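Participant: Mind docking chain B on chain A? Use the hints.
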Amino acid sequence: MLAFACLMLSCMAGAAADAAAGAAAVGAAFKAPYIPAGDSDVLQEVPSVTDPAVASMQGLRAQFTAQPQGLPAAIELANAYVDYSRQIGDAHFAGYAEAIIAPWMAKPLPPPGALLTQATILQYRHQFDDARVLLNKALGEDARNAQGWLTLATLDMVQGNYQAARKDCAQVTNTAGFDLGLACSGNLLSYTGQASRSLDLLGHAAGAGDKVPASYQAWIQGLMAESAERLGDWPQAESHYLNALKLLPRDNFLLVAYADFLLDRGRAKQVLRLLRDHTQSDTAFLRLALAQSALRSPEAVRYTWIMAARFEALRQRGSDYFGREEARFALQLQHDPRTALDMARRNWQVQRAPWDARVLLEAAKAANQPRAATEALEFLQQTGLEDPIVDPLAQELRSQMQSHGK
Amino acid sequence: MRKTLLALCTLAVSAGAGAHSASDAYLNIVSDKSPSAAAAASSAATVLHGQWDIALRDLEFVLKLNDRGDGELTWGEVRRHQAEIEKYAYAHLHIAGVSGGACSIEPTRQMIDEHADGAYAALFFDVKCERSPGGFALNYDLFFSIDPSHRGILVMRSGNEVATALLSPQNAGITLNP
Numbered sequence: 002m003l004a005f006a007c008l009m010l011s012c013m014a015g016a017a018a019d020a021a022a023g024a025a026a027v028g029a030a031f032k033a034p035y036i037p038a039g040d041s042d043v044l045q046e047v048p049s050v051t052d053p054a055v056a057s058m059q060g061l062r063a064q065f066t067a068q069p070q071g072l073p074a075a076i077e078l079a080n081a082y083v084d085y086s087r088q089i090g091d092a093h094f095a096g097y098a099e100a101i102i103a104p105w106m107a108k109p110l111p112p113p114g115a116l117l118t119q120a121t122i123l124q125y126r127h128q129f130d131d132a133r134v135l136l137n138k139a140l141g142e143d144a145r146n147a148q149g150w151l152t153l154a155t156l157d158m159v160q161g162n163y164q165a166a167r168k169d170c171a172q173v174t175n176t177a178g179f180d181l182g183l184a185c186s187g188n189l190l191s192y193t194g195q196a197s198r199s200l201d202l203l204g205h206a207a208g209a210g211d212k213v214p215a216s217y218q219a220w221i222q223g224l225m226a227e228s229a230e231r232l233g234d235w236p237q238a239e240s241h242y243l244n245a246l247k248l249l250p251r252d253n254f255l256l257v258a259y260a261d262f263l264l265d266r267g268r269a270k271q272v273l274r275l276l277r278d279h280t281q282s283d284t285a286f287l288r289l290a291l292a293q294s295a296l297r298s299p300e301a302v303r304y305t306w307i308m309a310a311r312f313e314a315l316r317q318r319g320s321d322y323f324g325r326e327e328a329r330f331a332l333q334l335q336h337d338p339r340t341a342l343d344m345a346r347r348n349w350q351v352q353r354a355p356w357d358a359r360v361l362l363e364a365a366k367a368a369n370q371p372r373a374a375t376e377a378l379e380f381l382q383q384t385g386l387e388d389p390i391v392d393p394l395a396q397e398l399r400s401q402m403q404s405h406g407k
Numbered sequence: 003m004r005k006t007l008l009a010l011c012t013l014a015v016s017a018g019a020g021a022h023s024a025s026d027a028y029l030n031i032v033s034d035k036s037p038s039a040a041a042a043a044s045s046a047a048t049v050l051h052g053q054w055d056i057a058l059r060d061l062e063f064v065l066k067l068n069d070r071g072d073g074e075l076t077w078g079e080v081r082r083h084q085a086e087i088e089k090y091a092y093a094h095l096h097i098a099g100v101s102g103g104a105c106s107i108e109p110t111r112q113m114i115d116e117h118a119d120g121a122y123a124a125l126f127f128d129v130k131c132e133r134s135p136g137g138f139a140l141n142y143d144l145f146f147s148i149d150p151s152h153r154g155i156l157v158m159r160s161g162n163e164v165a166t167a168l169l170s171p172q173n174a175g176i177t178l179n180p
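Heads up: the protein sequence lines correspond to chains A and B, in order.
With the numbering used here, letter number 107 in the first sequence gets 108, and the count goes up by one each step, no holes.
With the numbering used here, letter number 164 in the second sequence gets 166, and the count goes up by one each step, no holes.
Keep in mind that a hint or two might mislead.
Per the computed footprint, the stretches of chain A lying under chain B, defined by three or more beta-carbons under 8 Å from a beta-carbon of chain B, are [claimed, not checked]:
1. 46 to 60
2. 288 to 294
3. 359 to 371
Not the full set, but computed from the structure, chain B residues with beta-carbon under 8 Å of chain A [claimed, not checked]:
4. Arg59
5. Asp60
6. Asp69
7. Glu86
8. Ala139
Note that these hints are calculated values from the structure, not bench results.
Given the structure is predicted, the values throughout are model-derived calculations rather than measurements.
Note that CB positions come from ideal geometry on N, CA and C, so glycine has one too.
Pulled out of the complex, with its shape left as it was, chain A reads as follows (with noise of 0.2 Å):
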C-alpha cells in the first residue's frame, strides 16, 4: 500500500459547482479574528533554510531566475516543489511548480520535460485521466523516457490496470535498467498475490548499492514493508518502515504509512508522538484523529472537528473528492457507513489500490449493503491480491451475499 498511500488523499475529481454552493460559511473559520497578545507569538510554521529542502529549492530558484528562458533549470526547480509537496504534505508546492512549467505547456507543443512534469502534478492532484494523457503524449515524443514509464506504471498500478502496469515495467527495465525495473515489477507483484517474490525482488533492487540517493532506498524500504504487511509478517515490515524513515524522517508519505501499520496493531499511543510535529498535513491529520479517537481522548472531537473543516474547505475550493481519506473519516470518526459507502464507490471509480478495496469493503460491511462491494470483489478475485485484513473482509461479505440470495 505504502507505493501509493500517497496517493490516497487527493482523490479530486471536481465539482467547482458544488462547492461553491456549499460555501455558506465562511471558510470555516475558528474564533472571530484577533490581534496577537505578544511579537513573539508563533503563527505558522513556514518551511525554513534551516532545512537542506528549503536551501536546495531556493538554489534551483536561483538558477532558474537567472534564466527563466532555460527548461531543464525550470523542470529541475518544478521537480523540487511537487517533491517538497509530497514530502511534508502540503499541496502549495505542487501549485508553484505547475506556475514555473507553465509558459512551455501552453506552447502548441510542449515539450516532453514539461508534459512529463505535468503529469507528475496531475498525479499528484489524482486527475488521473489528465496526467495519463500527458504521459502517453510524453512517450509518444520520447519513448525512452524511464520517468515517463515509471510515472505510467505507478498511474497504472494505483488504477489496478495490472496487465499494463507490467508492460510498463519492462519499459522501464529497457529504458533505466534492470534494478529500477525490478523494484517496479516488485511493487507490482505485492498487488496480484505474490508478496513473497516480490520481497525478493525488492531485495535485489534495494542491493543497487550505497551510491544511489537515499530516497530511492527509502522508496525500495517502504515497498517492502508494504509487501511484508501483505504477508502478514509484522516484524518485518515494521523494520521496513523503520529502515525507511531513518533515511527520510520527516516524510509524509512514509510518516503516514507508517501511522496505519500502528493503527492497526493497536499502537495509537505511538501515532501520537510519530506525528506531534505534523499536524500541518491532512494526511497525518486524519491518523492523529484517529489515534485520538482509538484512545478515546477527550481531543477526539476537537480533531474530528477540525479535520471536518479541512474536508470542507477542499470541498470549497471545487476538491469535491477525497476519497478513501474522506470515507474512512466518516466510517471511523463519524459514524457514518452510508455517507462512507457512499464516498468509498465513488473512489473505487477512480483508483484501485489494496486500501481502496479495504475502505469500500468496510464501509458496505458496516452499511450492512455486502452487494455495493461486488465490483470490488470480483476485482480482487480476478487480481489475486492476498492481504491479511483485506481476505477476511472479503470473505465475510461473500459469505453475507449468499445467505442474502436464499
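Facilitator: Same frame as chain A, now just chain B:
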C-alpha cells in the same frame, strides 16, 4: 544520468501524496444598506465592507515574512510586514461600479484569523463609490501567476441573501449585484 533518474523515480512513484491543503483565500463581502450608503449619489460613501483572509504560508512564499528564517512565523514579523502585505494583496483585487461610477478599495485594518489549515492574515476593507454603482465588477488575480491552483472563495452577503463564487484563473472576473 543514472543518479538523476533514481532521484526522479521516487518523485514519479510517490507523486500523489496529495490533496493536502492547497492555496485558498477567503473573500467575504457584505453590502452596506445603511441610509448613508443609500445616499451615495452625492458624495463618496461606503457601499461594501470586506474581509479578505490570505494564508500566511502563501504570503511567506511571495514576501518572505519570516525574517529570522527559523520556520516559525511570529506576530512581530507579520506586523512589521503589514504594509507590504497590504500593497501586494490590494494590487490583485479590483472592484469597479458597473454603471461607471468610480469605486475605491480602502483598507481599514489587519488582524489574524485561524482556519483549519493554519493562520491567515485578515485584511479588512471598505469599498467607497462616488455614486450609486448599480452592481460591481470584481477582478481577482491573487497568486494566480505563482500558483494557478490558488482559489479565492468569495461569499457575498446582502441582507438575507448569500451568494458565493469560486475565483480561479478561468473565473477571475465576476459581477456582483447586491
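Participant: Now look at each hint and say whether the structure bears it out.
Facilitator: Quick rundown of the hints versus the structure:
1. Three residues within the 8 Å Cβ limit are the bar, and the stretch 46 to 60 of chain A against chain B gives 7, so the coverage statement holds.
2. Given a C-beta distance limit of less than 8 Å, the hint that chain B covers the stretch 288 to 294 of chain A is violated, as 0 residues qualify and 3 are needed.
3. Closer than 8 Å: that is the beta-carbon criterion, and the stretch 359 to 371 of chain A has 0 residues meeting it against chain B, so the requirement of 3 is violated.
4. With its C-beta approaching chain A no nearer than about 6 Å, B:Arg59 sits inside the 8 Å limit, and its interface hint holds.
5. The beta carbon of B:Asp60 comes within 7 Å of a beta carbon in chain A, closer than 8 Å, and the hint placing it at the interface holds.
6. The closest approach between the C-beta of B:Asp69 and any C-beta of chain A is roughly 11 Å, which is over the 8 Å cut-off, so the hint fails.
7. Annotation: interface hint on B:Glu86 violated; nearest CB of chain A at approximately 16 Å, more than 8 Å.
8. At a threshold of 8 Å, the smallest CB-CB gap from B:Ala139 to chain A is about 19 Å, leaving the interface hint violated.
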